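*Asks:* First to last, the protein sequences are chains A and B. Using my numbering, the first residue of the first sequence is number 69, and each one after it goes up by one. Using my numbering, the first residue of the second sequence is number 2, and each one after it goes up by one.
If you are wondering where the hints come from, they were derived from the structure by calculation, not from laboratory data. None of these values were measured; they are calculated from a predicted model. There may be inaccurate statements among the hints.
[Said to hold, decoys possible] Cut-off 20 Å, straight-line C-alpha distance, at most; resulting in silico cross-link-like pairs (EDC-like, lysine to aspartate or glutamate):
1) A:K213 to B:D96
2) A:K293 to B:E13
3) B:K239 to A:D368
4) A:K357 to B:E242
5) B:K159 to A:E267
6) B:K159 to A:E264
7) B:K157 to A:D368
8) B:K159 to A:E260
9) A:K213 to B:D15
10) A:K275 to B:D29
11) B:K161 to A:E264
12) A:K357 to B:E236
13) B:K264 to A:E398
14) A:K213 to B:E228
15) B:K161 to A:E398
16) A:K400 to B:E41
17) B:K159 to A:D368
18) B:K161 to A:D368
19) A:K397 to B:E262
20) A:K213 to B:E262
21) A:K213 to B:E38
22) A:K367 to B:E262
23) A:K400 to B:E262
24) A:K400 to B:E242
25) A:K339 to B:E228
26) B:K157 to A:D148
27) A:K357 to B:E165
28) A:K213 to B:E165
29) A:K213 to B:E41
30) A:K213 to B:E257
31) B:K157 to A:E398
32) A:K397 to B:E257
[Claimed, not checked] Here are a few chain A residues that face chain B, going by a calculated C-beta distance under 8 Å:
33) G71
34) E104
35) K108
36) Q211
37) N215
38) S377
39) G380
Backbone N, C-alpha and C fix where the C-beta goes; we use that ideal spot for every residue, glycine too.
Residues per chain, in single letters:
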Amino acid sequence: MAGAIWAVTETGSRAAGAGLKAVSNEVIACGQALAEALGKELEAVVVGAGVRPAAEETAARRVNAVRLVDDPKLDPYTPDAFTAAIKQAVDAERPDLILFPHTYQVRDWAPRLAAELDAGFISDVVGHRVEDGRPVFVRQPYQGKLNADCVFTDEGSHLASLQAGAYLADDAAAGNDPAEILLQTVDLSGVEIRTEVMETFQEVEDKIDLSRADVIVAVGRGIGKQDKIGVVEALAAALGGQLAASRPVCDNEWLPMDRQIGSSGQTVSPKLYVAVGISGAIQHLVGMKNSGTIVAINKDANAPIFAVSDYGIVGDLFEIVPALTARVKEAKGA
Amino acid sequence: MKIAVCIKQVPERDARLRIAEGGARIADEEIGGAAVEINESDQYALEAGLRLAESQGGEVVVLCLGPARAEEAIRRALAMGAARAVHLNDPAFQDGDAAATARALAAAIESEGPDLVLTGLQSDDAGWAQTGVIVAARLGWPSATLIMEIEIEDGKVKVKRELESGWFQWIRLPLPAVLTIQSGINTIRYATLKGIMGAKKKEVRKLGPADLGLSGDQVGASGRQVEVTRLYVPEKTKGAEMIDGDAPTAAARLVERLQKEAKVL
Ligand SMILES: Cc1cc2nc3c(=O)[nH]c(=O)nc-3n(C[C@H](O)[C@H](O)[C@H](O)COP(=O)(O)OP(=O)(O)OC[C@H]3O[C@@H](n4cnc5c(N)ncnc54)[C@H](O)[C@@H]3O)c2cc1C
Ligand SMILES: Nc1ncnc2c1ncn2[C@@H]1O[C@H](COP(=O)(O)O)[C@@H](O)[C@H]1O
């Protein structure tokens, strides 16, 4: 309905079962908080082909309605079809605010929707508050070093995408009764889909499964050069753990891709995770923040990695890591 | 083949950032001089563009919206091998959101008429992860994001897109198109001395809004739909127990805690 808040959910591909992705509930949790604070209706939007089961699952949450946008042209995902479908729905229903999860797929199509609607879009949001009856969204520019309060300055529908983990899926309250599922009809017959989707695959190589390791020592760009990695490798060996890395280390081919931790690498939760020369960008944190004990070694006392760590040492890794390796060997020998 | 690459000049990763008076932007004098570089994923985009121009025949034109200091980033791109540059350097372009910046870039790209546009996947400073896709929408072209491989086919481009958790996808798009490049797609070249010398003679077109058929209130701070009202250092959350001392002392203290408190050793 006009003036509502929409929480756009995300499902897997039809081939993968079209199930509701967990981030969808994070968006609903944020939507519930905003709807309450702003006195607006909250509607969840489920978009895809064959996604009625996902809509039914969504309808169990406390939302005023679920809008089901279901069309064969919406599978496999393409930015052209998704943009056209939701643009039609927005033009028909005129929601005030459209919330998305900040997934790779949303990065691919939501900016296009914003452009076609000529609407402001605040992406990668980590929190919000309400001031004078308007939402203020907080993002973290400069690689998470600073916070920025952002507001919309235009009229009409607005878009915001939420960083993974910024809102808790468990906070998405259940409703008393299942919400009504409204079939949102869209006509995609005239939409030209320009991307041809070929195959979806995982890179096959002798992949190391880091998720089984009890101890992981991860090295970041702070190491500076490939030939210095031995310093960190020695600590991993002393701890009896696996060596892992942040993305730039793999991008530079200092270590193979299968050692990468993060949103485009592996997700791990060892008993002990030692981050060496890693700043703590969100795309790295999502891969390791559920580890048992986290230790960070970084020369920058303000590095975001310290915020998720249990123990931190500020200083030059080339001094600290060898000292630590020696001490661990001593402790283990004793 | 004509390839346009969008490059943004951003503060270096280690740069000390000082918030300007008014509290809503970074003090610009602080990000002058040595503490700036070409945005990381844009460097990969530039390298990808140069490789395509070499293998397919053609040239790379770089586009950069930014103040006078951004000239340094442009010269570096020219030294790496770009043929020409367009510098959107009018003060009216400053402090835009992704939409306002994309409006200006799209207009400049239109005047160049390339077959392919490459941008970075996201800027290391603003981090909207929107600009490339909005440029495509404004041009009416298809786009694909998070690209890790590019193959040119007859009138089309076949690309490998990164999905989450180690998955990838091959897709094909008709040209002209916009691709946003993910870091790691290639190995970035260094500028040679010859390249650096040659860059000084290359053409850099400086354009303002009027040159693009835009009015000043469509771009920059006047054209934005999203405003940053305050920029501030995040409050420290619980955070880590910080362990002091010189290296051997800190190491000993940490090991003791890992043994006795965390019980992981
Ligand atoms: C879509 C997308 C997906 C991504 N996927 C991933 C992913 O899966 N995994 C991942 O890790 N990243 C990923 N990234 C990249 C991520 O955003 C960061 O750029 C990256 O994690 C930074 O790596 P880093 O911390 O090693 O490097 P930097 O951010 O450059 O940090 C280096 C750190 O080393 C410290 N340092 C430097 N020298 C020393 C020294 N001598 N002693 C001690 N400390 C020192 C510095 O203070 C700094 O904090 C992704 C980005 C995007 C946009
Ligand atoms: N001021 C700019 N000048 C040139 N290119 C830009 C500018 N801002 C953004 N871009 C391009 O758009 C990409 C995404 O930026 P953003 O949307 O800010 O994350 C960057 O990696 C650049 O390639």
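*Asks:* All the hints need checking, so say for each whether the structure fits it.
*Replies:* Hints, verified against the model:
no., hint, in the structure
1, A:K213 to B:D96, "holds (19 Å)"
2, A:K293 to B:E13, "holds (18 Å)"
3, B:K239 to A:D368, "holds (17 Å)"
4, A:K357 to B:E242, "holds (16 Å)"
5, B:K159 to A:E267, "holds (12 Å)"
6, B:K159 to A:E264, "holds (9 Å)"
7, B:K157 to A:D368, "violated (46 Å)"
8, B:K159 to A:E260, "holds (18 Å)"
9, A:K213 to B:D15, "holds (11 Å)"
10, A:K275 to B:D29, "violated (45 Å)"
11, B:K161 to A:E264, "holds (12 Å)"
12, A:K357 to B:E236, "holds (19 Å)"
13, B:K264 to A:E398, "holds (16 Å)"
14, A:K213 to B:E228, "holds (19 Å)"
15, B:K161 to A:E398, "violated (48 Å)"
16, A:K400 to B:E41, "violated (41 Å)"
17, B:K159 to A:D368, "violated (41 Å)"
18, B:K161 to A:D368, "violated (36 Å)"
19, A:K397 to B:E262, "holds (19 Å)"
20, A:K213 to B:E262, "violated (30 Å)"
21, A:K213 to B:E38, "holds (17 Å)"
22, A:K367 to B:E262, "violated (24 Å)"
23, A:K400 to B:E262, "holds (16 Å)"
24, A:K400 to B:E242, "violated (23 Å)"
25, A:K339 to B:E228, "violated (42 Å)"
26, B:K157 to A:D148, "holds (17 Å)"
27, A:K357 to B:E165, "holds (17 Å)"
28, A:K213 to B:E165, "violated (24 Å)"
29, A:K213 to B:E41, "holds (17 Å)"
30, A:K213 to B:E257, "violated (31 Å)"
31, B:K157 to A:E398, "violated (61 Å)"
32, A:K397 to B:E257, "holds (13 Å)"
33, G71, "violated (19 Å)"
34, E104, "violated (23 Å)"
35, K108, "violated (20 Å)"
36, Q211, "holds (6 Å)"
37, N215, "holds (5 Å)"
38, S377, "holds (4 Å)"
39, G380, "holds (4 Å)"
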